[in-house]
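S.K.: Sequence:
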Amino acid sequence: MRIFDPHIHMTSRTTDDYEAMHEAGVRAVVEPAFWLGQPRTSPASFIDYFDSLLGWEPFRAAQYGIAHHCALALNPKEANDPHCTPVLDHLPRYLLKDQVVAVGEIGYDSMTPAEDLALEHQLQLAADHGLPALVHTPHRDKLAGLRRTLDAVRASALPVERVLLDHLNETTVKEAKDSGSWLGFSVYPDTKMDEERMVAVIKTFGPEKVLVNSAADWGRSDPLKTRRVGDALLAAGFGEDDVDLVLWRNPVAFYGLSGRLSLDVAATDATHEGNSILRGGE
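In the numbering used here, the protein residues as written are 302 to 583.
Since the hints were made in silico from the structure, they are not lab data. For every residue, glycine included, the Cβ atom is placed at its ideal position computed from N, Cα and C. Hints may be right or wrong, so weigh each one.
Unchecked claim - Per label pair, the in silico range of CB-to-CB distance:
1. Leu444 x Glu541: 31 to 37 Å
2. Gly366 x Leu337: 25 to 31 Å
3. Asp429 x Asp452: 19 to 25 Å
Unchecked claim - In silico EDC-like links for lysine to aspartate or glutamate, alpha-carbon gap of 16 Å or less:
4. Lys443 x Asp410
5. Lys398 x Asp349
6. Lys504 x Glu471
7. Lys493 x Asp442
8. Lys478 x Asp452
9. Lys510 x Asp543
10. Lys504 x Asp532
11. Lys493 x Asp523
12. Lys443 x Glu476
13. Lys510 x Glu462
14. Lys478 x Glu462
15. Lys478 x Glu509
16. Lys493 x Asp518
17. Lys504 x Asp543
18. Lys510 x Asp545
19. Lys475 x Glu509
20. Lys398 x Asp429
21. Lys398 x Asp352
22. Lys510 x Asp542
23. Lys378 x Asp518
24. Lys443 x Glu471
25. Lys378 x Asp410
26. Lys378 x Asp417
27. Lys493 x Asp410
Given only the sequences and the hints, what does the whole structure look like? Please build it.
M.R.: Structure representation (structure tokens):
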């Protein structure tokens with residue numbers, strides 16, 4: 302089983318996770334920009350963070366045979382913080398980088414006017430740079446949030462067919478599918494979707510344009526949820542081709558819209574800018 306995790310925050314994970322992911326079949330990931338975990342004090346903290354997603358994390362991933370790309374953005378949660386919004390002025394130069402395959406994650410957290418402005422601005426950046434967009438739909442009041450998101454996308458210069466609507470569930474999947482967007486589902490141990498619910502959704506709506514991710518962020522999460530969904534689909538009677546479509550070909554097709562996706566794992570030096578993940582020995 303080959304797996305492309307299309308939304309996973311590896312900055313919050315250990316090298317043990319990379320090793321276990323490779324053993325489970327993960328060969329590619331996209332890491333979208335997300336919140337720090339505590340309030341940022343200036344937009345400068347984004348610069349170091351973006352640089353790490355373009356340098357250090359691809360280096361770590363390559364040690365375990367995993368191709369790493371990223372999506373960059375001002376995320377919805379931090380779009381409400383005036384200490385963070387100046388990063389929008391820095392984004393255009395980062396969106397030119399080869400490893401950046403989308404603008405994301407953008408969208409809504411609390412559905413505030415500040416989030417409206419950030420979403421509108423970054424949808425335009427995606428259109429200007431020829432990139433698709435990874436859009437975070439809110440965890441609260443999900444259907445209203447989805448509809449507000451789709452209104453923003455339809456008013457933008459970015460076609461809805463170049464948008465991945467993430468964090469969908471049973472209440473939002475039909476309208477998202479009807480919109481023509483790509484459909485993203487985050488699978489967690491306790492919240493969002495689980496394997497059984499994911500199987501039920503795919504039975505109802507089919508595997509076309511469906512992407513499954515583990516997100517795997519600061520809280521309790523599991524970077525092997527993509528594999529667990531694949532196993533659950535097989536156990537429910539889906540064929541290997543359906544599983545490959547959901548876990549590999551769909552994310553390749555979506556991020557391939559950037560024209561930058563490379564699934565080759567580049568050989569790395571022993572260190573990245575003088576730093577190594579090795580400890581002890583020769």
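S.K.: Lys443 and Glu476 were given as a pair; does the straight-line alpha-carbon distance stay at or below 16 Å?
M.R.: 11 Å, holds
S.K.: Are Lys475 and Glu509 close enough, with their CA atoms no more than 16 Å apart?
M.R.: 13 Å, holds
S.K.: Given the hint that Lys443 pairs with Asp410, does the C-alpha gap stay at or below 16 Å?
M.R.: Holds. Lys443 to Asp410 sits at ~10 Å (cutoff 16 Å).
S.K.: Does the alpha-carbon distance linking Lys378 and Asp417 stay inside the 16 Å limit?
M.R.: 12 Å, holds
S.K.: Would you mind confirming whether the straight-line C-alpha gap from Lys493 to Asp410 stays at or under 16 Å?
M.R.: 14 Å, holds
S.K.: Is Lys504 close enough to Asp543, meaning Cα to Cα at most 16 Å?
M.R.: 11 Å, holds
S.K.: Take a quick look at whether Lys478 and Asp452 sit within 16 Å of each other, Cα to Cα.
M.R.: 15 Å, holds
S.K.: Does the alpha-carbon distance linking Lys478 and Glu462 stay inside the 16 Å limit?
M.R.: This hinted pair holds, its Cα atoms lying about 10 Å apart.
S.K.: Given the hint that Lys398 pairs with Asp349, test it: the Cα-Cα distance must not exceed 16 Å.
M.R.: 15 Å, holds
S.K.: Are Lys493 and Asp518 close enough, with their CA atoms no more than 16 Å apart?
M.R.: 13 Å, holds
S.K.: Hey, Lys443 versus Glu471, does the alpha-carbon distance stay inside 16 Å?
M.R.: 10 Å, holds
S.K.: When you check the alpha-carbon spacing of Lys493 and Asp442, does it fall within 16 Å?
M.R.: 13 Å, holds
Taken one by one, the earlier hints all hold for this structure without exception.
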